[in-house]
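Peer 1: Here's the letter readout for the chains.
Protein chains: 2
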Amino acid sequence: MKFATYADGSLDGRLLIVSRDQSRAVDATAIAPNLLTAVQRWREVEPHLARLAGELEAGVVAEAVAFDPSLALAPLPRAPQWLDGSAFLNHGRLMDHAFNKSPIPDFETTPVMYQGASDDFLGPHADVPFVSEDDGIDLEGEFGVVVDEVAMATPAAAAPDHIRLIVQINDWSLRIIGAREMPRGFGFLQAKPSTSFAPLAVTPDELGPCWCDGRADLFLHVLRNGERIGAASGREMAFSFPELIAHAARTRRLTAGTIIGSGTVSNADRAAGSSCLAEQRVIELLDQGAVRTPFLSFGDRVEMQACFPDGRPGPFGRMDQRVVRAAGVPA
Amino acid sequence: MKFATYADGSLDGRLLIVSRDQSRAVDATAIAPNLLTAVQRWREVEPHLARLAGELEAGVVAEAVAFDPSLALAPLPRAPQWLDGSAFLNHGRLMDHAFNKSPIPDFETTPVMYQGASDDFLGPHADVPFVSEDDGIDLEGEFGVVVDEVAMATPAAAAPDHIRLIVQINDWSLRIIGAREMPRGFGFLQAKPSTSFAPLAVTPDELGPCWCDGRADLFLHVLRNGERIGAASGREMAFSFPELIAHAARTRRLTAGTIIGSGTVSNADRAAGSSCLAEQRVIELLDQGAVRTPFLSFGDRVEMQACFPDGRPGPFGRMDQRVVRAAGVPA
Chain A
1 MKFATYADGS
11 LDGRLLIVSR
21 DQSRAVDATA
31 IAPNLLTAVQ
41 RWREVEPHLA
51 RLAGELEAGV
61 VAEAVAFDPS
71 LALAPLPRAP
81 QWLDGSAFLN
91 HGRLMDHAFN
101 KSPIPDFETT
111 PVMYQGASDD
121 FLGPHADVPF
131 VSEDDGIDLE
141 GEFGVVVDEV
151 AMATPAAAAP
161 DHIRLIVQIN
171 DWSLRIIGAR
181 EMPRGFGFLQ
191 AKPSTSFAPL
201 AVTPDELGPC
211 WCDGRADLFL
221 HVLRNGERIG
231 AASGREMAFS
241 FPELIAHAAR
251 TRRLTAGTII
261 GSGTVSNADR
271 AAGSSCLAEQ
281 RVIELLDQGA
291 VRTPFLSFGD
301 RVEMQACFPD
311 GRPGPFGRMD
321 QRVVRAAGVP
331 A
Chain B
1 MKFATYADGS
11 LDGRLLIVSR
21 DQSRAVDATA
31 IAPNLLTAVQ
41 RWREVEPHLA
51 RLAGELEAGV
61 VAEAVAFDPS
71 LALAPLPRAP
81 QWLDGSAFLN
91 HGRLMDHAFN
101 KSPIPDFETT
111 PVMYQGASDD
121 FLGPHADVPF
131 VSEDDGIDLE
141 GEFGVVVDEV
151 AMATPAAAAP
161 DHIRLIVQIN
171 DWSLRIIGAR
181 EMPRGFGFLQ
191 AKPSTSFAPL
201 AVTPDELGPC
211 WCDGRADLFL
221 HVLRNGERIG
231 AASGREMAFS
241 FPELIAHAAR
251 TRRLTAGTII
261 GSGTVSNADR
271 AAGSSCLAEQ
281 RVIELLDQGA
291 VRTPFLSFGD
301 RVEMQACFPD
311 GRPGPFGRMD
321 QRVVRAAGVP
331 A
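Protein chains in written order, with our numbering: chain A, 1 to 331; chain B, 1 to 331.
FYI, nobody ran anything at the bench for these hints, they're computed from the structure.
Keep in mind that the hints are not guaranteed to be accurate.
Simulated DEER-style distance windows between Cβ atoms [to be verified]: (1) B:Val60 <-> A:Glu149: 41 to 51 Å; (2) B:Ala30 <-> A:Ala66: 41 to 51 Å; (3) A:Gly299 <-> B:Glu55: 47 to 57 Å; (4) A:Asp134 <-> B:Asp134: 52 to 62 Å; (5) A:Glu133 <-> B:Lys101: 29 to 39 Å; (6) A:Gly299 <-> B:Arg41: 32 to 42 Å; (7) A:Ser102 <-> B:Ser23: 51 to 61 Å; (8) B:Arg41 <-> A:Ala7: 58 to 68 Å; (9) B:Glu55 <-> A:Ala7: 33 to 43 Å.
Virtual Cβ for every residue (Gly too), placed ideally from N, Cα, C.
Here chain A stands alone, though its shape is the one from the complex (with noise of 0.2 Å):
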């Protein structure tokens, strides 16, 4: 199933289902108001939503109506939790040398993730505020799980059970802060605005075998101003989903709706190029000697979508959104 979001006036939004082809959508409140609503009592709503989204995809709903990615909301506007982890080394090691520093403590061994803002996410065509340029802001694109409650000290074994939707995520960065940030210690906070989220959450199914232990086997197409930055695959997730549920379950109970990132898709091979900006640069550098690709600037657009190995589009929908000068926020 496909689950889409649009507003209404809530902090939830209100619930849709949404074709198999994303070309039509259902509103399906009446057995959840919201996605939040519909994970938390996953195991009641399934079955309602999954005959609705037969019925949606035979013809035979009278409210269908086309669907409208540029209406859609993130999948959950809101969550619980937002804990983003850096589970592709690759991207790990290209970032030691962009912040020209040691190699994190474990970091091949022991998952990192960062507790990220979940109260303020952007739908997939939203305008992205920013206060400076002089920030260094990037693009990070991202896949992402939806789990359902997660009891605390949950065992990877047990945390596939709990992976109720997988999403497409950019988790906007800001370079120049992270840098500050990082030898702090407490982590990234200013480093991290609000984070961006492709139209469609769907159920693992909708990957078919590209799901596959326990990672998403899609390559994700980045573009800066249409011009393409990469398309990595997913399937290089040095720690699988499960494992990094399982890493932020170990000390805490994780409430319905939580979402786990993998951090930035990134791979070995230099042909797949990178899912952000920070990657392309230390890459020029290493590879030319110099960085030529700048940080993202006011106006810029940055464009996402997933697409499984035969080039067909994925499940996610695309993101495209500007960067925008805050409101307000002095010149």
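Here the structure of chain A is known, so what remains is to put chain B in place on it, guided by the hints.
Peer 2: Just chain B now, with coordinates in the frame of chain A:
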């Protein structure tokens, strides 16, 4: 005004107004269903809440009942964000000794702040579940503020107008894990299980002249198994709450209900004692040559209560909790 939250099966609980002497309460759900909603709609609901509080104080509310703090949830059982500073420099300096590490860059001139989980706060009498005593279970007594909507890049000078409520916090910490997480640069995650709150969230006027210069000039009495750990003053914050709010809002808006913490209350005067065990332990090491105080064990009782400088009980009520082994986790 003093506010408390009782359980009603919802994630946000139901709103009570509590009398100044903390003995009586009245259901306020006809004005706002819960405290989060009240903070979100503060300008609209505040006059109605104030009128009901006045009637409760005057003894003319027929529906008033005895207030039972043992039934209270955290005033906000969940919040949009929980951002915790470390504004007492004395604490930071002692922690550098405790973790045997070099000082945090710019610690005395730029606040440090971590993003905590905000979906699963504990009430003042709730048992506090942990996975293992080997993680270095510690308490951290703090003050905090609850803000309404704060726009991105709001300066400190404009931040006081956004402080709606003041709260008292026990920011439970796992010190063994924290010492591992801090050098990794992604912040505290496993080191920070659910945070606890005193029963009452209060408007700043409840502190009288002890709400001063954006700080809570109260003494935080902390007991472990009935023995005094400390009674440090909230006055010594190097950064005021408005400065912490401005730090948090530098690159993001804060949605209404966001909680900003002071970090562990700590005074340079050793006679004040400590508001966490890690501090007490490092003071023992520095002053007596050896650590005598162990971290917390299952069954230990932790009490916290703020007091006015003249010794009267503070406005937040008392926290009285036990450390327990998490259900379902093998010994």
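Peer 1: Run every hint past the structure and note whether it holds.
Peer 2: The hints, checked one at a time:
no.: 1; hint: B:Val60 <-> A:Glu149: 41 to 51 Å; result: holds (44 Å)
no.: 2; hint: B:Ala30 <-> A:Ala66: 41 to 51 Å; result: holds (42 Å)
no.: 3; hint: A:Gly299 <-> B:Glu55: 47 to 57 Å; result: holds (55 Å)
no.: 4; hint: A:Asp134 <-> B:Asp134: 52 to 62 Å; result: violated (45 Å)
no.: 5; hint: A:Glu133 <-> B:Lys101: 29 to 39 Å; result: holds (34 Å)
no.: 6; hint: A:Gly299 <-> B:Arg41: 32 to 42 Å; result: holds (36 Å)
no.: 7; hint: A:Ser102 <-> B:Ser23: 51 to 61 Å; result: holds (58 Å)
no.: 8; hint: B:Arg41 <-> A:Ala7: 58 to 68 Å; result: violated (19 Å)
no.: 9; hint: B:Glu55 <-> A:Ala7: 33 to 43 Å; result: holds (38 Å)
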